[in-house]
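Novice: Chain residues, written in single-letter form:
There are 2 protein chains.
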Amino acid sequence: MSIKENVVKKSKRANEAAKDLANLGSEIKNEALLAMADALLDRKDYILEENEKDMEYGRENDLPESLLDRLLLTEDRIEKMANGLREVAQFDDPIGEMMEMKKRPNGLKIGKVKVPLGVIGIIYEARPNVTVDAAGLCLKAGNTVVLRGSSSAINSNKAIVKVIAKAAYQAGLPEGSIELIESTERKAVQEMFKLNDYLDVLIPRGGAGLINAVVNNSTVPVIETGVGNCHTYVDSEADLDMATEITINAKTQRTGVCNAMETLLVHQDVAEEFLPQMVDELQQRDTTVKGDDRVQEIVDDVQAASEEDWATEFLDYILAIKVVDSFDAAVEHIDEYSTKHSEAIITENYTKAHKFTDIIDAAAVYVNASTRFTDGGQFGLGAEIGISTQKLHARGPMGVNELTTTKFIVFGEGQVRE
Amino acid sequence: MSIKENVVKKSKRANEAAKDLANLGSEIKNEALLAMADALLDRKDYILEENEKDMEYGRENDLPESLLDRLLLTEDRIEKMANGLREVAQFDDPIGEMMEMKKRPNGLKIGKVKVPLGVIGIIYEARPNVTVDAAGLCLKAGNTVVLRGSSSAINSNKAIVKVIAKAAYQAGLPEGSIELIESTERKAVQEMFKLNDYLDVLIPRGGAGLINAVVNNSTVPVIETGVGNCHTYVDSEADLDMATEITINAKTQRTGVCNAMETLLVHQDVAEEFLPQMVDELQQRDTTVKGDDRVQEIVDDVQAASEEDWATEFLDYILAIKVVDSFDAAVEHIDEYSTKHSEAIITENYTKAHKFTDIIDAAAVYVNASTRFTDGGQFGLGAEIGISTQKLHARGPMGVNELTTTKFIVFGEGQVRE
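Protein chains in written order, with UniProt numbering: chain A, 1 to 418; chain B, 1 to 418.
Because the hints were derived from the structure by calculation, they are not lab data. This structure is a prediction, so every number in the text was calculated from the model and none was measured.
Result set (SDA-like, lysine to any residue): computed pairs, CA atoms no more than 25 Å apart in a straight line:
1) K194(B) <-> Q190(A)
2) K352(A) <-> E332(A)
3) K109(A) <-> L381(B)
4) K114(A) <-> N15(A)
Here chain A stands alone, though its shape is the one from the complex:
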């Protein structure tokens, strides 16, 4: 069977399954999620064995340590995956909720009901836990899922899907509810891009390269996720102790994530007071600081920031810092370089705080808090399938609710249009 035939076959099967899954009740879906969790634990030795194959291959091919760590499964990590599924089983089921039903003047009762999107394609990199998390969230919202992970995790992903798909099927979900594209050829992904007949949406999870490839080549609707060139602006009226704490948190609490800060903007009136101590604190935490001319004037030992740095999502212990003349200059810089993920202002000034939240165009706009909070769990939405940085359909952390669509239901008594 060619790669294309295989991708079509699996997507078609997921599409067929979606019709049945859409109308299964919450009980069966939740039982399936719990059964999947149990199966992961029951079969953990098998999954760890298969994961070890990926790890060996990764080490032979000199994958960087950070990637190997993302790839690694342990008993503890498998338990976390299982607990994630149990948590999702606890969520309210959004499907079937009639959001509005009104009686029109002509007697038609018109309502809007939440229904699954259908088939969700997830294209992702490295971490095998995405396989479980994504499948769980999609199923909860009544969607089937076609997964396509990276070649480096292929043995782990095959093992995981084998285990959870079987458990889901035995618990009563239709066959084809969880499909994995096993081909590690790029061609397999390219086939997914064109399967509008079988896939309702594609969600890429990974770096900018992956996301751009999907956005630029897919005719299937895409939800863009995750690239975050996030800024924090320290205003002239900021509480500088608070600004220091937030800066350190937003940059160093976890660096490889999309909601970490990448550029710090500092108002000129507070730069001399704020920067020396701030840079020192960062450097103590092994963070490389790159600054514009004015930062370099104020602090020694700071590399020059290039034009490219302002546009870079470092995802590392690197921070670009710029001194700005005014609130407006900060907003302008953000407008130019932001990926519209998460942006923050630190200020005690009421008017500037509200102006910032009004005019900054991003999925999440913060006053006096760390951008690290942009996350489904932190926002109270439960687990998330990703963080949308586009404006259509969903913006910001996407939970189970964002994996649904609606349809209008119209109950008549013979009405015709005049």
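We have chain A; now place chain B onto it with these hints.
Specialist: Here is chain B on its own, set in the frame of chain A:
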């Protein structure tokens, strides 16, 4: 200036304007809409003159009568366009509505506020009134708009945009709020497809060819609208008088629209009683009936329906009719050929009515009513920018509300993530 430069320039200008327009209050937006309405009436002679050029050109090039009629502007039609703008001015402004704001356990106040999408590109055919309707709805929701109409209406569109853009600007909207791509070359549209930096969404309005071209080639997110291969299923337990009335309405009340019925499915138990009279009524209304073998057995003078007919949106006085063995067979046929726009069942059976609305996957699912009601005005949403047949973002009639997105606003007091 090359076509590309021109399209980029206008889109960029709309993008700049969008930043200002997003935070203008309702008052200025509404004043602008009313000023645009006044200007259309004040300058109607000029607009009619320019429209006459398009009409002449159309007649010289033997455009079909139906297209010429869509192209034609009259005093009455201009008045309707103006009234449309006045109606939109009356709508509630969705922008700035804080939909939820919750205090999280850590004290963060997290809310979700409605904001404009930004810049909306509308690619449309023939009817010059779309120019006004689309601009009005986009502006109301705080979006700027880049319009690209068809070459056959270019003089009308240029005149209309000149008039309304000037009025909008004088009323206080930023320059660039309404932009028209004047090039009638296909290349101009193709340039729009790739302008992700300046356009937030593309909405095609027109036939299947146009819509497919946009969906298949645009990297800018698209909202698919309008192709409707709509079915009505007359169940074995239907009230046949009601079924007759609804069939006639759904097929013949207006044929060139996406919510008109294209295929009638009739349960075998009622086919012999229902069809002869039904077909007679349709033929009296100059409607060509195409049937499968069983329809042809029951009624004389019926053409054979081909496989292709089941998949065709006739948009004309043509109806395909099929006799089905069962409820399930009707659902299967709809699943196979539906464009997921509007689907109806005629039945007095409670269980089948609910089963139909549960399992049919379409933007609007009807019981005992004509599919012709799928329309923003009829659904109580006010004027519509189109009817979405995709699942992302919006489904069914899209009004002002569907031209918005959200952002999260987070008010903190120095919170950092543990």
